[in-house]
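Colleague: Construct all of the structure, not just a fragment, from the sequences and the given hints.
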Amino acid sequence: MTHENEWPLWEVFIRGQHGMSHRHVGSLHAADAEHAIRNARDVYTRRNEGVSIWVVEAKEITASNPSDKGPLFDPARDKVYRHPTFYDIPKEVGKM
Amino acid sequence: MYAQMVKSTGKGVQSRDDMSPEDKAFQDRIDRGEKIEPKDYMPEAYRKTLIRQIGQHAHSEIVGQLPEGNWITRAPTLERKANLLAKVQDEAGHGLYLYCAAETLGVSRDELVEMLHSERMKYSSIFNYPTLTWADMGAVGWLVDGAAIMNQVPLQRTSYGPYARAMVRICKEESFHQRQGYHIMIKMAKEGTADQKRMAQDALNRFWYPALMMFGPSDKDSVHSAQSMAWKIKINTNDELRQKFVDETVPQAEFLGLTIPDENLRWNDETGHYEFSEPDWSEFFEVISGNGPCNAERLSTRRKAWDDGAWVREAMLAHARKSQKRSQAAE
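Protein chains in written order, with the working numbering: chain A, 1 to 96; chain B, 1 to 331.
If you are wondering where the hints come from, they were derived from the structure by calculation, not from laboratory data.
Backbone N, C-alpha and C fix where the C-beta goes; we use that ideal spot for every residue, glycine too.
Don't take every hint at face value.
Simulated pairs of lysine-lysine, BS3-like, Cα-Cα distance not exceeding 25 Å [unchecked claim]:
no.	chain 1	residue 1	chain 2	residue 2
1	B	LYS35	A	LYS69
2	B	LYS232	A	LYS69
3	B	LYS35	A	LYS59
4	A	LYS59	B	LYS325
According to the in silico footprint, chain B covers these stretches of chain A (three or more CB under 8 Å from chain B) [claimed, not checked]:
no.	region
5	5-12
6	26-35
7	60-67
Modeller: Written out as structure tokens, the structure is:
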């Protein structure tokens, strides 16, 4: 079955409050970007959840491949020296 | 429960010896409590079962708008009308969250809608009962949404990430639904006239057993449920959830001064649970297979809405394509 007349899928990002970053909340179908924003307002902000909406067509998103998880993220695991707790500072020095 | 009798493999829980190395690793992830995301490896049977379950759940939200939509124009006050409108709009939203979750598994929205309309996919049996009086809005919110919450709260921990996240959103919104229903019942059963009290009792009488059926027949021996539980797309058995629902609902009915229509209902001190009568399961099987009081009406309403809206969907798309061409030409 073909669905060439299906509205494209959009991913929706909402800024919950001033000062916060936009966060992915879900997706929806819409004919174009303006329509997607309107639908996002109805579907994802019925209870004051947002002060700003971003929409992006789902096909425009490039995602990392789950099978690349190891090579991408494992190298960061053994670098404990990137965290402040790695370094012991004598108590006498005080807060740092 | 909005998804009833979802079939999985039908073969019971697959033993580890029969699993491919990929399937073993997949089951290990689930056992560790990890979430499965759309692009991750998953066995085909897991994917198919989830499409059935989430699709049925989404259809229930959408069809579930109809029994209440029936009363929007006849709500007794402007405030009640606004409340009901907000609730019905939420159901539409819940349907959309769930359709999107199903679509991450590789099925399209149109395919899902088409499967509902051609009766290849089901929706919850409960929405095939009529809503005859305003008191039914109270009973539906209190009992139907109450039963739905019972089922949906544990599903927030389901193994499939997009489904779990949709359930988190839905649960957050759903408790208003139950409370607004109970509020209607308080108004009618506790503070209302003798006639209103009778209407409230009548609504409870008609919705009690259909609400118990929402959890589905006992599945303690079901091979489908066993596999779904191993995959953590089903968390509790139908009987566990039904018992929990009865235990929580009976005192709420007592507060309202209403009588649960079950002569066998009684508290068991030993088990710490109520004993109650099973609903008539032959009625349930009739309703779920298309022969309930409103099946034909619900489906024809949905089909008509879909067909009547076709020109809008096409026009919006044509407009979007035209404007896109125009802006490309201008560049």
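Colleague: Does LYS69 of chain A sit within 25 Å of LYS232 of chain B, going by the straight-line distance between their CA atoms?
Modeller: Holds - the C-alpha atoms of LYS69 of chain A and LYS232 of chain B are around 23 Å apart, at most 25 Å.
Colleague: Is LYS35 of chain B within 25 Å of LYS59 of chain A, Cα to Cα?
Modeller: With a Cα-Cα distance of about 23 Å, the restraint between LYS35 of chain B and LYS59 of chain A holds, given a limit of 25 Å.
Colleague: Three or more residues of the region 26-35 of chain A near chain B by CB distance under 8 Å?
Modeller: holds (count 7)
Colleague: Would the pair LYS59 of chain A and LYS325 of chain B pass a check requiring their Cα atoms to be no farther apart than 25 Å?
Modeller: Judged against 25 Å, a Cα distance of about 19 Å means the pair holds.
Colleague: Is the coverage entry for the region 5-12 of chain A by chain B consistent with the three-residue Cβ rule at 8 Å?
Modeller: Coverage by chain B holds here, the residue count being 4 at a Cβ distance below 8 Å.
Colleague: Do the alpha carbons of LYS35 of chain B and LYS69 of chain A lie within 25 Å of each other, as the hint requires?
Modeller: 15 Å, holds
Colleague: Given that the region 60-67 of chain A was listed as covered by chain B, double-check it with a C-beta distance under 8 Å for 3 or more residues.
Modeller: With 3 residues close enough to chain B, the hint holds.
Checked against the numbered hints listed earlier, the structure breaks none of them; every hint is satisfied.
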